Amino acid sequence: MRNRYSAGNLLGAALGGHKDWAPAWRDAEPKPRYDVIVIGGGGHGLATAYYLAKNHGITNVAVIEAGWIGGGNTGRNTTVVRSNYLYAESARLYDFSVQRYESLSKDLNFNVMFSQRGIITLAHSRHDLDAQERWTNAMLCNGIDAEMLTARQVQECEPRLDISSRARYPILGGFTQRRAGSARHDAVAWGYARAASALGVDIVQRCSVQDFIKQDGRVIGVKTNRGEIRADRVAMAVAGHSSVLANLAGFALPVTSYALQAMVSEPVKPVLKAVTLSPALGAYWSQSDKGEVVIGGALDHFPSYAQRGSFAVNQQVIAATVEAFPSLGRLRMLRHWAGIVDVVQDSSPIIGATPIPGLYINCGWGTGGFKAIPVGGWTLAHVLATGQNHELAEPFQLSRFHTGRLIDEAAASGIAH
Amino acid sequence: MMQLQCPWCGRRPENEFHCGGTTAIVRPPIDCSDEVWGNYLFFRKNPKGLHAERWRHTFGCGQWFNIVRDTVTHEVGAVYGITEAQPRAVDP
Numbered sequence: 001m002r003n004r005y006s007a008g009n010l011l012g013a014a015l016g017g018h019k020d021w022a023p024a025w026r027d028a029e030p031k032p033r034y035d036v037i038v039i040g041g042g043g044h045g046l047a048t049a050y051y052l053a054k055n056h057g058i059t060n061v062a063v064i065e066a067g068w069i070g071g072g073n074t075g076r077n078t079t080v081v082r083s084n085y086l087y088a089e090s091a092r093l094y095d096f097s098v099q100r101y102e103s104l105s106k107d108l109n110f111n112v113m114f115s116q117r118g119i120i121t122l123a124h125s126r127h128d129l130d131a132q133e134r135w136t137n138a139m140l141c142n143g144i145d146a147e148m149l150t151a152r153q154v155q156e157c158e159p160r161l162d163i164s165s166r167a168r169y170p171i172l173g174g175f176t177q178r179r180a181g182s183a184r185h186d187a188v189a190w191g192y193a194r195a196a197s198a199l200g201v202d203i204v205q206r207c208s209v210q211d212f213i214k215q216d217g218r219v220i221g222v223k224t225n226r227g228e229i230r231a232d233r234v235a236m237a238v239a240g241h242s243s244v245l246a247n248l249a250g251f252a253l254p255v256t257s258y259a260l261q262a263m264v265s266e267p268v269k270p271v272l273k274a275v276t277l278s279p280a281l282g283a284y285w286s287q288s289d290k291g292e293v294v295i296g297g298a299l300d301h302f303p304s305y306a307q308r309g310s311f312a313v314n315q316q317v318i319a320a321t322v323e324a325f326p327s328l329g330r331l332r333m334l335r336h337w338a339g340i341v342d343v344v345q346d347s348s349p350i351i352g353a354t355p356i357p358g359l360y361i362n363c364g365w366g367t368g369g370f371k372a373i374p375v376g377g378w379t380l381a382h383v384l385a386t387g388q389n390h391e392l393a394e395p396f397q398l399s400r401f402h403t404g405r406l407i408d409e410a411a412a413s414g415i416a417h
Numbered sequence: 001m002m003q004l005q006c007p008w009c010g011r012r013p014e015n016e017f018h019c020g021g022t023t024a025i026v027r028p029p030i031d032c033s034d035e036v037w038g039n040y041l042f043f044r045k046n047p048k049g050l051h052a053e054r055w056r057h058t059f060g061c062g063q064w065f066n067i068v069r070d071t072v073t074h075e076v077g078a079v080y081g082i083t084e085a086q087p088r089a090v091d092p
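If you read the sequences in order, they're chains H and Y.
If you count the first sequence from 1, position 226 lands on 226 in the working numbering, and the numbers rise without skipping.
If you count the second sequence from 1, position 31 lands on 31 in the working numbering, and the numbers rise without skipping.
These are calculated hints, taken from the structure and not from any lab test.
There's no promise every hint is true.
Unchecked claim - Just so you have them, the derived chain Y footprint on chain H, three or more residues with Cβ under 8 Å:
no.: 1; segment: 210-220
no.: 2; segment: 289-303
Unchecked claim - Here are the in silico distance ranges between beta carbons for each label pair:
no.: 3; chain 1: H; residue 1: Ser-327; chain 2: Y; residue 2: Glu-84; range: 51 to 61 Å
no.: 4; chain 1: H; residue 1: Gly-329; chain 2: Y; residue 2: Arg-88; range: 48 to 58 Å
no.: 5; chain 1: Y; residue 1: Glu-84; chain 2: H; residue 2: Gly-387; range: 27 to 37 Å
no.: 6; chain 1: Y; residue 1: Ala-85; chain 2: H; residue 2: Phe-251; range: 19 to 29 Å
no.: 7; chain 1: Y; residue 1: Ile-82; chain 2: H; residue 2: Lys-106; range: 30 to 40 Å
no.: 8; chain 1: H; residue 1: Leu-248; chain 2: Y; residue 2: Gly-77; range: 21 to 31 Å
Quick caveat: nothing in here was measured; it's all calculated off a predicted structure.
The C-beta atom is built at its ideal place from N, Cα and C for all residues, glycine as well.
Make the full structure from the sequences, and use the hints.
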């Protein structure tokens, strides 16, 4: 059976009618005991398992997923990867992630189709321009590429934008991070799953956590619909459902769950070159390699666990699209979905120990978890393996909500919420 | 579009309203510990199911009121005044 994806193997397999490819990963039965259980088979959970095995040699690991891998927010986002954050702590964290994305296809031997087409954040007012000058300077000080653009340069980057003075919110300029881009969401989940599985990790689907097993206050395993599974350490990477699991475990989180919706049009020939974001209009756009125009917007305005978006936000996002790209006005929409995102007050993640011994968490990415999959997995694996926080994750502890040392990136999430 | 029952204006579309989040959070005394103050500011139950929350009819009468809403189905089980206690039996 062929496991490795390469041009040679592809040619060789073609001669045999592609009948000898091995399955990409094992759909495992749960064993009664593991060194580490990771709850949540999205990008972050799968990456955690992969880095536990690859960086720390811990391979007796299970990823348990209530549905199917990559079926939650990993499959419900708009696949933008960027590190255009304001504060040094965030810049280090997210740029580490962008760097991992740059080598991810090679690392995983799976083409995640990372395309560094650049992201443009539009400025529609003098205030926007001033704020973006500051933002750009902060990024440059943090060693991250950033560049202010004039309105003419914005148009060169994205010719279909309406930069005329007739626009309701005229475009005065913007700034770009050219190393930003997008990747294929399924490929990231499948690539990590395949690479983790190859190192011995069990990927258990349709396995939902019903309760935690505790001994002397310490978590020693989970009760699931497929029986009890025990482990030395348990980690959870379940995004919008973090509060539900935390409640089962017996601690509270500074998280509120909201629906974040996005949509794609019917596929068309290449019309958009970059990822464009307009904080003022509350929407952002890119085009997938399949040709669909991918459109995202702001959060729905009220707490929700329903994986569907509200019409109020949908209407506003579509209106913004027609406003910014008049030539896309007659596109028909193909699909529309929502993911439940875990929003915290400072729009920064929580990666590390919980108040319950033996239980670790990766959550709080809010609307921007996809870009952070590699670093979320890397740093969670580090604390699980060593008991010490990774230096990148040190500022992102749950304790900051009591010390007051917040890392307020609400503005850098780009969309008002 | 979801519609909400404003106690003063009747059923109106959701984009006339602003959701103010969990209602009836009691502020601790100012000399409380950092732990208690942090919990008050940031930590929320965030239930999957019934949630007592406050809304304002911003683009209408401008008044605040409370509702009990299911965060999965978005069904509203009770609408009550901003200073009133949450009705006990709520069957959304």
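Going down the list of hints, with the structure as the test:
With 0 residues bearing a CB less than 8 Å from a CB of chain Y, the segment 210-220 of chain H misses the requirement of three and the coverage assertion fails. Here's how the segment 289-303 of chain H fares: 3 of its residues keep a CB closer than 8 Å to some CB of chain Y, so the rule of at least three is met and the hint holds. Checked against the hint of 51 to 61 Å, the pair H:Ser-327 and Y:Glu-84 passes, with Cβ atoms roughly 52 Å apart. Here the CB-CB span from H:Gly-329 to Y:Arg-88 is close to 51 Å, well matched to the stated 48 to 58 Å.
As the Cβ distance of Y:Glu-84 to H:Gly-387 is approximately 49 Å, the hint placing it in 27 to 37 Å is violated. Checking the proposed 19 to 29 Å range against Y:Ala-85 and H:Phe-251 shows it holds: the Cβ atoms sit about 28 Å from each other. Range check, Y:Ile-82 to H:Lys-106: Cβ separation about 58 Å, and the 30 to 40 Å hint is violated. Restraint check, H:Leu-248 to Y:Gly-77: a C-beta distance of roughly 24 Å satisfies the suggested window 21 to 31 Å.
Of the hints listed earlier, those the structure fails to meet are numbers 1, 5 and 7, in rising order.
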